[in-house]
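Asker: Use the sequences and the hints to build the structure in full.
Residue strings, one per chain:
Protein chains: 2
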Amino acid sequence: MGEILNISRKEQIVDRAAKLFKQKGFAATSMRDLAAELGIEAASIYYHFKSKEELLEKVCFDMADKFITNAREVNDIYFNAEEKLRMAIKFHIETITENQNQSSVFLSEWRNLSEPKLKLFRQLRQQYENQFTIILADGEKEDIFDDVDKKFAVLSILSTINFINEWYKVSLIRLCMISV
Amino acid sequence: MGEILNISRKEQIVDRAAKLFKQKGFAATSMRDLAAELGIEAASIYYHFKSKEELLEKVCFDMADKFITNAREVNDIYFNAEEKLRMAIKFHIETITENQNQSSVFLSEWRNLSEPKLKLFRQLRQQYENQFTIILADGEKEDIFDDVDKKFAVLSILSTINFINEWYKVSLIRLCMISV
DNA sequence: CCTACCGATCGGTAGG
DNA sequence: CCTACCGATCGGTAGG
Numbered sequence: 001m002g003e004i005l006n007i008s009r010k011e012q013i014v015d016r017a018a019k020l021f022k023q024k025g026f027a028a029t030s031m032r033d034l035a036a037e038l039g040i041e042a043a044s045i046y047y048h049f050k051s052k053e054e055l056l057e058k059v060c061f062d063m064a065d066k067f068i069t070n071a072r073e074v075n076d077i078y079f080n081a082e083e084k085l086r087m088a089i090k091f092h093i094e095t096i097t098e099n100q101n102q103s104s105v106f107l108s109e110w111r112n113l114s115e116p117k118l119k120l121f122r123q124l125r126q127q128y129e130n131q132f133t134i135i136l137a138d139g140e141k142e143d144i145f146d147d148v149d150k151k152f153a154v155l156s157i158l159s160t161i162n163f164i165n166e167w168y169k170v171s172l173i174r175l176c177m178i179s180v
Numbered sequence: 181m182g183e184i185l186n187i188s189r190k191e192q193i194v195d196r197a198a199k200l201f202k203q204k205g206f207a208a209t210s211m212r213d214l215a216a217e218l219g220i221e222a223a224s225i226y227y228h229f230k231s232k233e234e235l236l237e238k239v240c241f242d243m244a245d246k247f248i249t250n251a252r253e254v255n256d257i258y259f260n261a262e263e264k265l266r267m268a269i270k271f272h273i274e275t276i277t278e279n280q281n282q283s284s285v286f287l288s289e290w291r292n293l294s295e296p297k298l299k300l301f302r303q304l305r306q307q308y309e310n311q312f313t314i315i316l317a318d319g320e321k322e323d324i325f326d327d328v329d330k331k332f333a334v335l336s337i338l339s340t341i342n343f344i345n346e347w348y349k350v351s352l353i354r355l356c357m358i359s360v
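Protein sequence lines correspond, in order, to chains R and D.
Following this note's numbering, the residues of the first sequence are numbered contiguously, the last one being 180.
Following this note's numbering, the residues of the second sequence are numbered contiguously, the last one being 360.
Calculated directly from the structure, the hints in this document are not laboratory data.
Some hints could be false.
Coverage of chain D stretches by chain R, computed from C-beta distances (three or more under 8 Å per stretch; other residues unrestricted) [as the list claims (entries may be wrong)]:
1) 205-217
2) 245-251
3) 260-270
4) 283-295
Derived coverage of chain R by chain D (criterion: at least 3 residues anywhere in the stretch with Cβ under 8 Å from a Cβ of chain D; other residues may be distant) [to be verified]:
5) 79-90
6) 103-115
7) 146-158
Yeah, the Cβ is synthetic: ideal placement off N, Cα and C, and Gly gets one too.
Answerer: Given below as C-alpha cells:
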C-alpha cells in the first residue's frame, strides 16, 4: 500500500520534472523549483531519486523505450512496407502527442545527460532511426518506394513529425489522426 | 585603433559564446567556461559585456535582424510570389548554414531570455513569419498557390528548413544550394 | 517527508 | 585585462 503510494509519487515527480525541464530547460530547473511545484522541500525529492540527473535519465530512457517498443510492434505485426511506414509514423505521433512534456525533454534536453548515459541514449535513438531505415529499404525492395538517401529520408520524416510537438495543443483534438 | 581591436574582441566573445550556448545550452554555460574558451579570466568578460544575458541577447537579436532584413529584401526586389518564396527560403538557408552556432541559439536558446527582451524576441520572430504568410497569400491571389492554412504552412516550411541546422556540416559543401 | 546544513559554483563587482 | 572577493544559489547529505 505504501508501495503503491510510493510508485505514484515517483511518477508524479517525474511528470512535474518533465514539465519544468521542458519549460525552463534542464540546467535552469533547480531541485528547489521542482520541490515548490510539488509542494514539498527539495531534500525530500532525494528520498525518491538519488540525483537531478536520474530524473532526466528516467524521462529520456522511458521515452526511448516507448519509441523502440512501438517500432518493434510495427515490424512484428505488419507486412507491407507502406503499411509499416504509415503505422510507425502513426505510433510516433501518438507517443508524442500523448507525452508532450516528456517528448520535449527527449527531443531537446537529452544532451544534458552525462557520459555513460549520453552514449547509451544516442545508441537507442540510433536503433530507433534504424527501424525506419529498414522500412524504407523494404519498400524499395517491394518497388513501392524510390531509391533515396535513406539516412536523410529518415531524418526528414522524423524532424517533420517531431515538429508537431511545437504546435500541437491537446485541446485541439486529434484532427490529423482521423486522416491517418 | 584600440577601438578596432575592441570591436573584434567583442565579436570574438559573442562567437565563442554562441558556440558554447549551442554545445552546452545557455544555462549550463558559465562565464568561467566562456572565459576559459577565450583564454582569459571570467571577470574580464564584464569589461566588454555587462551580463551573461547580454551575450544571449546579442546572438538572438543579431540573428533576428538578419532574417528580417532578408525577408524585406525579398519583398523589395522580387515580384512573383513563387520567386519570392524561393528566394526567402534560399536566404533563410544561407543565413542558417553560414551562422550555425548562432542559428542554434536563435532557434533553441532564446527562451532563456528574460522578460522585456523575451517578448520583443517573440514579436520579431512573428514579424518574420508574417513575411512568409504574406508571400503565400500573394501566391494565392496570383493563383499559383493553393488556398492552405497559412499559419500552419509557414511553420511547416520553417521547421523543415531549420532542420537543416541539425545535419548540415559546413565541410559537406553547398550541394543542395546548387539546385535552388 | 522535514530541518539544518555542507562545499562548490555561480553571476557579478571593486579596484587596480 | 587581472586579483580578490561578494552574496546567492546550487545539488546533495545527515539525521531524524
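Asker: Now, for every hint given, state plainly whether the structure supports it.
Answerer: Here's how the hints hold up against the structure:
Using a Cβ-Cβ cut-off of 8 Å, 4 residues of the stretch 205-217 of chain D lie near chain R, which meets the minimum of three, so the contact claim holds. For a cut-off of 8 Å, the count of residues in the stretch 245-251 of chain D with a CB near a CB of chain R stands at 0, and the three-residue condition is violated. A stretch counts as covered by a chain when three or more of its residues have a beta carbon under 8 Å from one of that chain; for the stretch 260-270 of chain D and chain R the count is 0, and the coverage is violated. Counting residues of the stretch 283-295 of chain D whose CB falls under 8 Å from any CB of chain R gives 3; the rule of at least 3 is met.
Judged by the Cβ-Cβ criterion of 8 Å, the stretch 79-90 of chain R is not covered by chain D as claimed, because only 0 of its residues qualify and three are needed. As drawn, the stretch 103-115 of chain R meets chain D at 3 residues by the rule of a beta-carbon pair under 8 Å; at three or more, the given contact holds. For the stretch 146-158 of chain R, the proposed coverage by chain D is satisfied: 3 residues have a C-beta within less than 8 Å of a C-beta in that chain, meeting the threshold of three.
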